[in-house]
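Enquirer: Letter by letter, the chains look like this.
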Amino acid sequence: MKKVVFNNKLLPLLLLAPQLIVTAIFFLWPAGQAVWQSFLREDAFGLKTEFIGLGNYKALFKSPEYLNSFSVTLIFTVSVTVVTMVFALLMAVAVDRLIKSEKVYTTLLIWPYAVAPAVAGILWWFIFNPSIGILPYVLRQLGINFNWIFDPTDAMIFVVIASAWSRISYSFLFFIAGLQSIPASLREAAAIDGAGPVKRFFTITLPLLSPTTFFLMVVNLVYALFETFAVIDATTLGGPAQSTNILVYKVYQDGFIGQNLGSSAAQSVILMAIVILLTVIQFRFVEKKVAY
Amino acid sequence: MVENRPFLNVLAHLVLIVGVAIVALPVWVALVASTHASNDFLGGVVPMWFGDQAWENYSRMLNSGISTSGMPPVGWMMLNSLIMALGIAVGKIAISVLSAFAIVYFRFPFRMVAFWIIFSTLMLPVEVRIVPTFQVVADLGMLNTYPGLIVPLIASATATFLFRQVFLTMPDELTEAARIDGAGPLKFFWDILLPLSRTNIAALFVIMFIYGWNQYLWPLLITTGSDMYTIVAGIKRMSTVADTDPQWNYIMATAVLAMLPPLLVVIFMQRLFVKGLVETEK
Numbered sequence: 001m002k003k004v005v006f007n008n009k010l011l012p013l014l015l016l017a018p019q020l021i022v023t024a025i026f027f028l029w030p031a032g033q034a035v036w037q038s039f040l041r042e043d044a045f046g047l048k049t050e051f052i053g054l055g056n057y058k059a060l061f062k063s064p065e066y067l068n069s070f071s072v073t074l075i076f077t078v079s080v081t082v083v084t085m086v087f088a089l090l091m092a093v094a095v096d097r098l099i100k101s102e103k104v105y106t107t108l109l110i111w112p113y114a115v116a117p118a119v120a121g122i123l124w125w126f127i128f129n130p131s132i133g134i135l136p137y138v139l140r141q142l143g144i145n146f147n148w149i150f151d152p153t154d155a156m157i158f159v160v161i162a163s164a165w166s167r168i169s170y171s172f173l174f175f176i177a178g179l180q181s182i183p184a185s186l187r188e189a190a191a192i193d194g195a196g197p198v199k200r201f202f203t204i205t206l207p208l209l210s211p212t213t214f215f216l217m218v219v220n221l222v223y224a225l226f227e228t229f230a231v232i233d234a235t236t237l238g239g240p241a242q243s244t245n246i247l248v249y250k251v252y253q254d255g256f257i258g259q260n261l262g263s264s265a266a267q268s269v270i271l272m273a274i275v276i277l278l279t280v281i282q283f284r285f286v287e288k289k290v291a292y
Numbered sequence: 001m002v003e004n005r006p007f008l009n010v011l012a013h014l015v016l017i018v019g020v021a022i023v024a025l026p027v028w029v030a031l032v033a034s035t036h037a038s039n040d041f042l043g044g045v046v047p048m049w050f051g052d053q054a055w056e057n058y059s060r061m062l063n064s065g066i067s068t069s070g071m072p073p074v075g076w077m078m079l080n081s082l083i084m085a086l087g088i089a090v091g092k093i094a095i096s097v098l099s100a101f102a103i104v105y106f107r108f109p110f111r112m113v114a115f116w117i118i119f120s121t122l123m124l125p126v127e128v129r130i131v132p133t134f135q136v137v138a139d140l141g142m143l144n145t146y147p148g149l150i151v152p153l154i155a156s157a158t159a160t161f162l163f164r165q166v167f168l169t170m171p172d173e174l175t176e177a178a179r180i181d182g183a184g185p186l187k188f189f190w191d192i193l194l195p196l197s198r199t200n201i202a203a204l205f206v207i208m209f210i211y212g213w214n215q216y217l218w219p220l221l222i223t224t225g226s227d228m229y230t231i232v233a234g235i236k237r238m239s240t241v242a243d244t245d246p247q248w249n250y251i252m253a254t255a256v257l258a259m260l261p262p263l264l265v266v267i268f269m270q271r272l273f274v275k276g277l278v279e280t281e282k
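Sequence order for the protein chains is A and B.
The numbers in the numbering used here rise by one with no breaks, and the one at position 195 of the first sequence is 195.
The numbers in the numbering used here rise by one with no breaks, and the one at position 201 of the second sequence is 201.
One or more of the hints may lead you astray.
As the list claims (entries may be wrong) - Here are the computed lysine-lysine pairs in the PhoX-like style, where the Cα-Cα straight-line distance is at most 20 Å:
1. A:103 / B:275
2. B:187 / A:2
3. A:9 / B:187
Claimed, not checked - Label pairs and their computed distance ranges (CB to CB):
4. B:64 / A:207: 55 to 61 Å
5. B:83 / A:273: 34 to 40 Å
6. B:94 / A:29: 19 to 25 Å
The hints are simulated quantities; they were obtained by calculation from the structure and are not laboratory data.
Ideal Cβ placement from N, Cα and C applies to all residues, glycine included.
Take the sequences, apply the hints, and build the full model.
Expert: See the structure below:
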């Protein structure tokens, strides 16, 4: 909080105006619309709308497709988050050990951040292409038939890898920052007490990294829930047999392709509730972190 | 390091080399594929070493594109992406720096209300309010326009919070001195605050440029005329057409071109990029 401030009543409002106007028109108004539409039912031609209260929500939670989308999303987001973080932590711990070559490896590992999720999807699509892709070819030599176009499990593995790939660099950077803020004296003391590297990792490094880990967990969950839309749309389109139809993709499918506005709006509202929850958790945590 | 264990160092190098190889694999395959002729993909597996069609493929994509699919040249789509990315980066920074200044340096009624309205943008990603936002933009007649691509995405709570943090660390004496010297708020903002924040602005610019360049869903929805396509959204349209007649060499050349600008930004601005990333999320 600043002690010295300027005295002016109109100027701050003018300074805030651009951001507030954009937020009101493109964020709050559409969000309000989504809430309102979620209580309405529109006929197929958009001629008649009728207020049906919670009808859309009730229909959603009775729909096997929507419930399926929920469990698909759960498997997907948890897998993406775990794959990303385990890989990133492994790399960060290795880099942290090699102070001399740290810069080289960091540069070699952070660039996937720059690759758009949609492009990452296309790249992995090519690699996993059942007829000409390199990975199915290698797997065939091992006697495994990998075909994400027909097999739901293979499709899930494929979208998880494609989504986690472009995210590793981000978690990696935060793990590096976290590792470097752990005082060397702590590890030295433990080493003198005779704790080996593995023991030190699990008793000192990992607990001290827990704030970073928690933060990354929330941020990566948000990523996997929302920003992976591009990966799905560029590759599986939610298939085969709904096996990769995550919630965000279903909102789009039902709204734009199915033209079922009421249901799509209700799904939007449910998603908003999930983001609000995750954002609040994240901020609670950030406040704590600041208080260190 | 705590103690010298050559074995662990070798292991660390090994882990990292394997890790870098895994991370680099898709881009390697794309680079290789983009240098072959279309019929090299017809039988068997993708080639793992470069072909001799690089010049032909890239110049064809940049200048004319795959004309049969009604796609504009990739060069044109890249120009659209550039306009969108620059617009979003500049727009986000401009409106956030102003609002952060207002929130930190003034006391006025509704200050907290304004703060919460800005905060709300964090909770409303475009993906969750997609249908109604599209309707708003359509009603405003902004489909297929650059403002339509840019303006709905420029509100940013994270950028506002970052500048708020930066401004809060500026010493009060600075403001005091400026006021004694008779500088008004705008002069203080322009002559003192902005120059002192320039590394933060630059770091944020790097992040926001990448964010803007990599946008997918929004440009896919609101650009229906092919002359407005951005490259990241365009490449998907290209690959959908390719389902019937896979022209992997062209798709991969386009993918490489789509990755190139943000990749160069990350590699050459690494220091600023890392600073911006770690700070915006704090």
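Enquirer: Run every hint past the structure and note whether it holds.
Expert: Hints, verified against the model:
no.	hint	verdict
1	A:103 / B:275	holds (15 Å)
2	B:187 / A:2	holds (18 Å)
3	A:9 / B:187	holds (17 Å)
4	B:64 / A:207: 55 to 61 Å	holds (58 Å)
5	B:83 / A:273: 34 to 40 Å	holds (35 Å)
6	B:94 / A:29: 19 to 25 Å	holds (22 Å)
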